[in-house]
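Visitor: Sequences and hints are given; from them, build the entire structure.
Respectively, the protein sequence lines represent chains A and B.
To convert, note that position 58 of the first sequence is 58 in the numbering used here; the numbers rise steadily by one, no gaps.
To convert, note that position 131 of the second sequence is 131 in the numbering used here; the numbers rise steadily by one, no gaps.
If you're looking for bench data, these hints aren't it; they were derived computationally from the structure.
Watch out, some of these pointers could steer you wrong.
Stated by the list, open to error - Straight-line distance between alpha carbons at most 16 Å, and here's what the computed EDC-like set of lysine to aspartate or glutamate pairs gives:
#, chain 1, residue 1, chain 2, residue 2
1, A, K2, B, E73
2, B, K2, A, D74
3, B, K34, A, E87
4, A, K80, A, D133
5, A, K34, B, E87
6, B, K2, A, E95
7, A, K80, A, E137
8, B, K80, B, E137
9, A, K23, B, E95
10, B, K23, B, E8
11, A, K2, B, D65
12, A, K80, A, E138
13, B, K80, B, D133
14, A, K2, A, E12
15, B, K80, B, E59
16, A, K23, A, E12
17, B, K2, B, E12
18, B, K2, A, E73
19, A, K80, A, E132
20, A, K2, B, E95
21, A, K2, B, D74
22, B, K80, B, E138
23, B, K23, B, E12
24, A, K23, A, E8
25, B, K80, B, E132
26, A, K80, A, E59
27, B, K2, A, D65
Protein chains: 2
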Amino acid sequence: MKLPAPLEAVVESFQRLPGVGAKSAQRMALHLLKEGPGAMDHLAEVLHHAATRVGFCEECGAFSDGPRCAVCEDPRRDPKVILVVAEASNVLSFERTGHFRGRYHALGGLVSPLRGVGPDQLRIRELLRRLEDGQVEEVVLATNPTLDGEATAAWLARLLEPLGIRVTRIGLGLPVGADLEYADELTLDRALEGRRPLGG
Amino acid sequence: MKLPAPLEAVVESFQRLPGVGAKSAQRMALHLLKEGPGAMDHLAEVLHHAATRVGFCEECGAFSDGPRCAVCEDPRRDPKVILVVAEASNVLSFERTGHFRGRYHALGGLVSPLRGVGPDQLRIRELLRRLEDGQVEEVVLATNPTLDGEATAAWLARLLEPLGIRVTRIGLGLPVGADLEYADELTLDRALEGRRPLGG
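Guide: In structure tokens, the structure reads:
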């Protein structure tokens, strides 16, 4: 006997989630069944609710359950600094630090000639529109330090600098707690390039 | 900014699943969002379908999407042997081996005085009813070799033996691939008790 088909479908769907193997998927499905008849349907409702309510902020592209996200709606957030990230989920990483008080702009991807993604498919036009009123003084490029991330940052820098806006790149170098012994050459190169005076 | 509330609810629900921590729960939720608008709703539908369709076989107590499960409906399964397990999910473990050709009976738990579970709360009456027509020749007790599992097996043996049915217990001993060095005394005791002649 295999699992009843509707249960097997749950296991298969769970298995498509990142980091969930065949065994954990089955364990998760059986757990919901054991919890009682309500548990599985509760998860279904929560998912359906999120599916119908959560989209992207029309201003910055971050996740939002309204037309504009909580950051864009918050008058205390500094409108003079915009931090540009590739994905909406990257906004969450910076928000978790609690130290960035500016606003965000999620591109919805990276320029990648290899994967056929050009600037037109990203939220570049929306970014330029946000810079039109001259309120923004600095754009921080916070794409990943990968091939595509670096290329996108360089491309954006060339696009934005003529507008008289200060364009910066997040610091690259050794992560906190790292060991020089295990750092790759590129990271060490960037760490050297990014060296800053002590004290001062 | 935290996650939009409906998305946070998805993360919280995922986190209640076994083996899913805060980080994986968020990764799973964001993965569904990235997959596009349909992915989250698809999982919701699959769960709702399972919640409304999957229950327990009225005959043996295994998971089933009909009144009777696939094993009970299969005329090729030997009606003379019933393997008794505690939970419906245990049936799946034995089915995975593919070697047991009899039928099952899931008790829906174990007798546990400490947790206040008596025989009345288990599917004992349903088991006795299945033995009434005299067709069953052997009942294999396959509860876990734990305190409650052993107690339930012993209790069932005393109940069933007077009915003239052969009552057996699954073999206990060293698991395949185990090392004597790390086996506990109880397991070694059981392995000795369960010794069988070689060759023969």
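Visitor: A separate judgement is required for each hint: does it hold in the structure or not?
Guide: Going down the list of hints, with the structure as the test:
For the hint pairing K2 of chain A with E73 of chain B, the CA-to-CA distance comes to about 13 Å; that is within 16 Å, so the pair holds. At roughly 13 Å between alpha-carbon atoms, K2 of chain B and D74 of chain A fall within 16 Å of each other, so this suggested pair holds. A distance of roughly 9 Å separates the Cα atoms of K34 of chain B and E87 of chain A; the hinted pair therefore holds under the 16 Å criterion. Our distance criterion of 16 Å between C-alpha atoms is met by K80 of chain A and D133 of chain A, whose separation comes to about 11 Å.
Using a Cα cut-off of 16 Å, the hinted pair K34 of chain A and E87 of chain B holds, with the two alpha carbons roughly 9 Å apart. For the suggested pair K2 of chain B and E95 of chain A, the alpha carbons sit about 8 Å apart, so the restraint of at most 16 Å is met. Distance check on the hinted pair: K80 of chain A and E137 of chain A sit about 5 Å apart at the alpha-carbon level, within 16 Å; holds. Pair hint K80 of chain B plus E137 of chain B holds up; C-alpha atoms about 5 Å apart against a cutoff of 16 Å.
For the proposed pair K23 of chain A and E95 of chain B, the alpha carbon gap of about 15 Å is at most 16 Å, so the pair holds. Taking the CA atoms of K23 of chain B and E8 of chain B, the gap is about 12 Å. The hint holds against a cut of 16 Å. The hinted pair formed by K2 of chain A and D65 of chain B meets the criterion: a straight-line CA distance of about 12 Å does not exceed 16 Å. Taking the CA atoms of K80 of chain A and E138 of chain A, the gap is near 6 Å; set against the 16 Å cutoff, the hint holds.
A hinted pair counts as satisfied when its Cα atoms are at most 16 Å apart, and K80 of chain B with D133 of chain B qualifies at roughly 11 Å. Pair hint K2 of chain A plus E12 of chain A holds up; C-alpha atoms about 13 Å apart against a cutoff of 16 Å. Taking the CA atoms of K80 of chain B and E59 of chain B, the gap is near 15 Å; set against the 16 Å cutoff, the hint holds. For the proposed pair K23 of chain A and E12 of chain A, the alpha carbon gap of about 11 Å is at most 16 Å, so the pair holds.
Only pairs whose Cα atoms come within 16 Å are accepted, and K2 of chain B paired with E12 of chain B is accepted, the gap being roughly 13 Å. A hinted pair counts as satisfied when its Cα atoms are at most 16 Å apart, and K2 of chain B with E73 of chain A qualifies at roughly 13 Å. A threshold of 16 Å between alpha carbons decides the hint, and for K80 of chain A with E132 of chain A the separation of about 12 Å falls inside it, so the pair holds. Note on K2 of chain A and E95 of chain B: the hinted pairing holds, with a Cα-Cα distance of about 8 Å set against a maximum of 16 Å.
Restraint check for K2 of chain A and D74 of chain B: satisfied, since their Cα atoms lie roughly 13 Å apart, inside the 16 Å limit. For the proposed pair K80 of chain B and E138 of chain B, the alpha carbon gap of about 6 Å is at most 16 Å, so the pair holds. Between K23 of chain B and E12 of chain B the alpha-carbon distance is near 11 Å, which keeps this suggested pair within the 16 Å criterion. A threshold of 16 Å between alpha carbons decides the hint, and for K23 of chain A with E8 of chain A the separation of about 12 Å falls inside it, so the pair holds.
At roughly 12 Å between alpha-carbon atoms, K80 of chain B and E132 of chain B fall within 16 Å of each other, so this suggested pair holds. Distance check on the hinted pair: K80 of chain A and E59 of chain A sit about 15 Å apart at the alpha-carbon level, within 16 Å; holds. Taking the CA atoms of K2 of chain B and D65 of chain A, the gap is near 12 Å; set against the 16 Å cutoff, the hint holds.
Every hint, counting from the list given before, is met by this structure.
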